[in-house]
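Student: Protein chains in written order, with our numbering: chain A, 1 to 317; chain B, 1 to 305.
Among these hints, one or two may not hold up.
Claimed, not checked - Computed spacing ranges between beta-carbons, pair by pair:
1) B:E200 - A:F123: 46 to 54 Å
2) A:G232 - B:A207: 39 to 47 Å
3) A:V45 - B:E200: 18 to 26 Å
Said to hold, decoys possible - Here are some chain B residues pointing at chain A (derived, C-beta under 10 Å):
4) G23
5) L80
6) K81
7) Y156
8) G249
Worth flagging that the hints you see were computed from the coordinates, not collected in a lab. A virtual CB, placed ideally from N, CA and C, is assigned to each residue, including glycine.
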Amino acid sequence: MADEPGHDLPPAPPVAAAQQLAAEGEVAIGAPPAGIPGQERSERVRRVIVYVLLFFVSLLFFIPFFWSVTTSLKTLPESVGFDLLPDNPSIRAYRSALSAYDFDRYFLNSVFLASVVTLSTLFLASLGGYAFARLRFPGREVLFFLVLATLMIPNELRLVPVFQMLIDFPVAHVNLLGTYQGYFVINLVTATSLFLMRQYFLTIPKDYEEAAKLDGAGYFKTYWRVMLPLAGPALAAVTILTFQGTWNDFFWPLIIFLGDETKYTLPLGIFQFRTQFYTQWPELMAASVIAIVPIALIYVFFQRYFVAGVTAAGVKG
Amino acid sequence: MATVAKTRRATLGRESVREALVGYAFVALPIASFLIFFMYPLANAFYISYFDWGALGKIESVGLRNYRDLLDDFLFGKALKNTLRYALIVVPAQMALGLGLAVIVNQALRFRTFFRAAFYFPAVAGSIAITAVAAYILSADGLLNAGISGVRGSEYNHPWFGSSDTALESIMALNVWTTSGTMMLFYLASLQSIPTDVYEAAAIDGAGPWRTFWKVTFPLLKPGHFFVAVVSVIGALQVFDQAFFVSAGSGGPNYSTMTIVLYLYNTAIEGFRFGYASALGIVLFAIIVVPTLILRLLFGRAEVS
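With the sequences and hints as input, model every part of the structure.
Tutor: Given below as structure tokens:
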């Protein structure tokens, strides 16, 4: 970065701070310096207050999830009562959600969509990010500015033009509405991911590539064999960000797949189920748990990459 | 000598042409995708908004009539008012809660990582799954009303999402709860960039934790406040999923959950009024672009610290 002054925008904060956080862990505000009289007692009081507060706030964050899980294990009559735990916990609601109400299909659709979009984003964002970080070509700054500019265009503004484009795709004149291809083609890659990859590549010392160059490696080989293996944390952040974003996406699947139940994703399936079977709570909660658990698992295992990814995404509420 | 220099220059020239060509090839697909699905739609939205445009295509050019019609549109007014009211309450609430949580998990506590994970968790779970859980808990015979009944000692059966007095407020509460974890992460990154010797200096001056927070931490977080505020405003103005879910797309009851994006969706996808919907999208874009530009320009250059 240092050898090209003026060319590179510094990372959009708090991207840098978050990347550092992900890389180095965090510093806590430690205990105040020792030897100040009267500090100890007030410190202890403060600690008790903080823990009590934390306990209640955590409860507030956990009760809804706890309640949805226990309800999903209850029977319908039981679900309108308020026993903390079901008398006879059963996975009946899960079975009926998965088989009778097609949530098995919606689950597979979600997995399929999220996987394809994540793979294509990983490849295109890293390849493009590498080019923007390392290769010199005329118009590079202008093109990179274009990437950043797309971050300013909200989904809603694109709704009508993209919808029309999908109905009658330019040049090819095919109708992509209601097809997986329609979803994939508008979600090939995101500016956020490309930006994140580029920023990360800029931090990698050039020595590695020079060595590869001396060995006679071409640009693609350098990208594939040298740069990608060094970009683990950034690739992890992009993977999580994209997978989670697609898994939870409601807006575009609604626009593209509404009406064709064989293509519904979990959020669409949950919406439809709620509209049709208003108060079948155990099944609705089972479906919600099915939608939440995979992301929760990924979150538990890869927490630090979530932090980097989310802070980079910024605008996504 | 001269020939050697010349050949080297020639090789270098060929090499840089090759490098440029490879560069273009590597960015070709992303750039094409951004041009086709972002830049072209942006321009096209302006174009479409000048027409009366139905399901079967252009009907006639109407100039700025779509925009003028928005001014007298009762539903648009309602949606605009709801969205602004939503933002006015959700933004400060999210900021306050996000800051509070960040300050808490920034302390040297046991289980710090666990608490942080817990607070951020609702933001990880998808909006629709979470709204389904909320619909259950806030239903007429749901957990919240059971709690209220217990405290009051008498039956309480208010349908929170089903009553026009409380539907939007319930969505506000839901989203403050789910997104404050994200705001916490932003604030945490910002808090982490405050050097610890500032706190040591405050402690030596004898400032208590309360005073230290208001006199030292809070002012030093100014760029953080700004970033969180802008992100929060942009998110709030685009609220859609929850409103769509609880009202089954209608914006009911009595249009109390009609937001700008929900109205845009209904106008375009349900009503096939593409010209009018595009005008609506442009107006929303105009409202959002100001905070977005501020975010990108200011924070594209400066560090949160």
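Student: Look at each hint and say if it fits the structure.
Tutor: Now the hints, each set against the structure:
{"no.": "1", "hint": "B:E200 - A:F123: 46 to 54 Å", "result": "48 Å, holds"}
{"no.": "2", "hint": "A:G232 - B:A207: 39 to 47 Å", "result": "43 Å, holds"}
{"no.": "3", "hint": "A:V45 - B:E200: 18 to 26 Å", "result": "21 Å, holds"}
{"no.": "4", "hint": "G23", "result": "4 Å, holds"}
{"no.": "5", "hint": "L80", "result": "14 Å, violated"}
{"no.": "6", "hint": "K81", "result": "18 Å, violated"}
{"no.": "7", "hint": "Y156", "result": "13 Å, violated"}
{"no.": "8", "hint": "G249", "result": "8 Å, holds"}
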